[in-house]
Structure formats: C-alpha cells, structure tokens
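Trainee: Sequence:
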Amino acid sequence: MIKLLLSSFLLFVAAATGFAQSAYRYSVNLNALTGDKLPVTLVNPKLSKNNGIFAFPRIIPGTYNISDYGKFISEVKAFDARGKEIRVQKINDNQWKLKSPQKIRKITYMVEDAFDTEIKHNQYPMAATNFEEKKNYVIHTPGIFGYIDGMSKLPFEISVEKPAGFYGSTAMIPVISSSTTDVFKADNLDDLYDSPVMYSEPDTVSMKVGNCQVLVSVYSPTKTPQAKQIAAGLSSLLNAAKNYLGGKLPADKYAFLFYFRTREMKHSFPAGLGGALEHTTSSFYYLPNTIPPAQIVDIASHEFFHIITPLTIASREIKEFNFNEEVLSEHLWLYEGSTEYTAHHVQVKYGLKTPKEFLDVMASKITRSRKSYNDTLAFTKLSKLAATTYEKQYGNVYEKGALIGACLDLLLLDLSDGNYGFKDLKHDLGVRYGRRKFFNDNELFDVIGELTYPQVKTFLQRYVSGNEPIPYDYYFGLGGIKFTEDATKKAQLTVNPEISARTKFIQDKWLQPVAGY
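Numbered per mature numbering (1 follows the signal peptide of the UniProt record, and there is no 0), the sequence shown spans residues -22 to -1, 1 to 495.
In the SDA-like style, the derived pairs of lysine to any residue whose C-alpha atoms are separated by at most 20 Å in a straight line are:
(1) K98 to T366
(2) K297 to D127
(3) K131 to R83
(4) K81 to G61
(5) K55 to V66
(6) K467 to S350
(7) K206 to D181
(8) K186 to D230
(9) K468 to E335
(10) K113 to T12
(11) K113 to H245
(12) K460 to Q490
(13) K231 to T259
(14) K435 to V425
(15) K220 to K401
(16) K435 to Y452
(17) K68 to P17
(18) K231 to L193
(19) K334 to Q273
(20) K113 to N7
(21) K27 to Q67
(22) K113 to M243
(23) K220 to Y398
(24) K226 to R413
(25) K163 to L132
For the record, the hints were derived by calculation from the structure and aren't laboratory data.
Hey, can you work out the whole structure from these sequences and the hints?
Mentor: In structure tokens:
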C-alpha cells in the first residue's frame, strides 16, 4: 500500500511538470499565517511578452458590487527559472505590470483577509476572505488567486496545506487529499472563482436528496447553530425544490457553507451586513448566530434556486464575465428578483409556509419597495448601473424584483387557464439556452414573447424596461388576491372570497399546496 501510494504520487508530480507549462500551479500554506497574511506561490504558465499583466478581480458575478480584491495583495514578486527577481510594478488596485514576462517562472505575494482588516473596502462579507489562525479559513478564491490578463481559459491547480484536523468544505472534489494537504483542479478561471472553500474543524452533514449529494458545513465559534440542525430544515426545502422542479434537482452535488458570527466579533463590514453568495454547485453564508432557523431556510432557498438563474439562464454579460470592469446585464429582475420569488413560492406550494405567510411576505415587499426605493426607475436601467449610479437602489431587486416574478406568474397562469406558469417559462428558457449558451440582453423580451404570449412581452416592456409602477391590485386580482394599503402605505394581500370559479381555479394553482403537502 505504501509503495503504491508513493508511486502514484511520483506519477502525479511527473505529469504536473508538463501540466505547469500550460496551466497555473498555486500553493498556499494555511499554517504559515503571519501578521494576518498568508504567503501564496504561483508557478505560472509559460508567458509571452504580450502577457504582462498580473491581476485580481475588481468585480465578481453575483455581488454587483466593486470588490477590488487586489487591495489585499502585497509584496508581489516575480522570478525567473534561476530564482533571479524580475521587476514588478503596481499600476492600480488590482493590476501589476510584469517586466519581461516571458522570463517569469514564479510569482509570490502576500494576501490579507478582509474580515478583520483595517483597509477601507466595499466587499460584501459573503464574498470576502477570512484567516483565523487555528480556527477558520474562508477561501473565496477571487481574493487569493490572481491570473494573467488574457490567459483566463487555462486550467488551475491549487495545493493547500492545512492545519491538523481541519477539513476543507467545498463542492470541489480534491484530486489529492491527505491529513495535511488538499489539491484541487479547475478547468479555467471562471470555474476557480466559482468554487469557495472553508477550512475548519469539521461540523458537517452529508445527505442525499433525490439525485443530489448535499454537504452542509458550519463554522460557529459558539458551536451553535450546528450543521445537523440546519440540515434538517434544508432537507425539507430541497425535497420541495426537487418536486417543484419536476422531480429532479439541477445538480448532482451541492455544498452549503455557513459562517456564523457573534455580536462580539470585530469585523470590517458595516453593522448588520450579512447574507449569502451563490455559486454553480455551492453557496456561502455569512450570518449572525442568532438568526431564526426559518430565515436560514429562506436565504438558502434563494441561493439554491440561483442554479436556474443566472447560473443556467443568463446573458453574455454573466456567462462571459468581465472581472475588471462593471459590464452588467439589464436583467436583475430575472437573476435576483425571480429567484427571490421562487424561493418563497416553492415553500407555499410544498407546505413549508402557509398561504397567509406567503402573502404577508409579498405584501411586505410591496411596502418596502414603495417606501425605500424609486418605483418609477426602469428595472433594466437599475440593473445595468447597479454597481455605480444606482447602487443605493440595488436592494429593490429583492423587493420589486420578486413582485415582478409574482405578477408574471399570475399573468401566465391566467392566460394559459392555469396550465403554464413562471416555472414553466424558466424551464423552457433553460432548454433553449442551457449552461453553455447565453442570450443577448436586448433580445430576451422578444424570446419570452415567442415562448408565451404577446401580453407577457407587453408587461415586461411597461413594468421592467419601462418606468410605470406595477398595478398590483390588477395582477394579484388575477389570482383572487385583494390588494389594499392603509394610511401609512403599508400593503396587505388577502384572499378574496368573492371570486368566480375560474379565478378560484387560478388562485388554487398559484397559492394552494400541492396535494399531499
């Protein structure tokens, strides 16, 4: 057995020598934390004189926010094959110019984590890094591993030395794993940046839900909540999601990574800021350890349904993401808004929320949307400039964006006599585009009109790309739901008992739990 393992390792090393010529080979030692910084070494792919920029992302998918990961990188050095240092010049927060790049064989640097930094930044905690010696390491890959501009399609190999007893929770499957080292591979930069890892002493649950192997991993300094508690709620949610999506989950593996903070922690983020970030087969959560279990399920539901939008159905701006500039899509109503709607709708259809609880959630979104945001700002315009001009309006994607989804669902059910809803439209868009194809922003409404009805295209033109406020009384009325507002503009949605048989049929299709739930 020992000889076999050694032989396999030697073969791996030999193969890696050739691999290195056309790939990135990174190594990071979590045991070498010094002054809250980790040393990182890159054996870089072969460079030409045109490959002279070493970079970190300014912005990443899912955050719609300027992250400037390069702010946390220091002491960048480059070396030739003989170990001679080659000059490197920092040109902005996220980029370094390499002199004579064709001679460079290795790049080293230090990276500081963002959780407890004194560096001024705008990163969201669910997209940030954390290095707590002998406690927890949050490896958000965009914050640790750089790339050569123009060479993002090459594969990556990541070697991580870890403390004794630590486990690396991730959706990635290591090609090598021992008590001291994990080695991961990614096909390209997009895949690498789509793959967070959290190292700590393991508090994990692995469970099978239909076709999907699910990992729930928790780090909490107080040991509460625990993975087994969260997994119980997620199991019910994922079974509901499986049925909502036609009997099969859209991934064969998925990892929920939870970091729970205490009130005493001195982190660098604004007070009260938390949340989650979606990835193709995982999601990362930064939450208070006092958060109610039902809220965890709501947030996890939202992140999980991102597998559909935008991780399957998305525009060129998402699928060919520009990490250096804010080139955003117009369709946050689809990526974030409709996902938020689906996250709640699945729960009412499969008995995790009552109809009243669901309607109360939708009503609260109407209230917050109208009181806190500009109700006449075109949603496509908000989306395109969400990282800059309309940064303060971004929160409306979870409020009005979800309401766009609800109204579309009711409109589709009404036009189809209850036979075709919003989830059916998403299914058809998924079939049309899949993971590898994208749509063009300016063509999406035409495509949706072709797949459904002219009235649906008109709705999108008036209330999503147009600046008209949505008449909620009309659209919720299609499902027999009465909309009212009190003197303080607090919205209320209630079931109207005085409706036709046809409207009651639409209402049941939309609101009532599926038989057996």
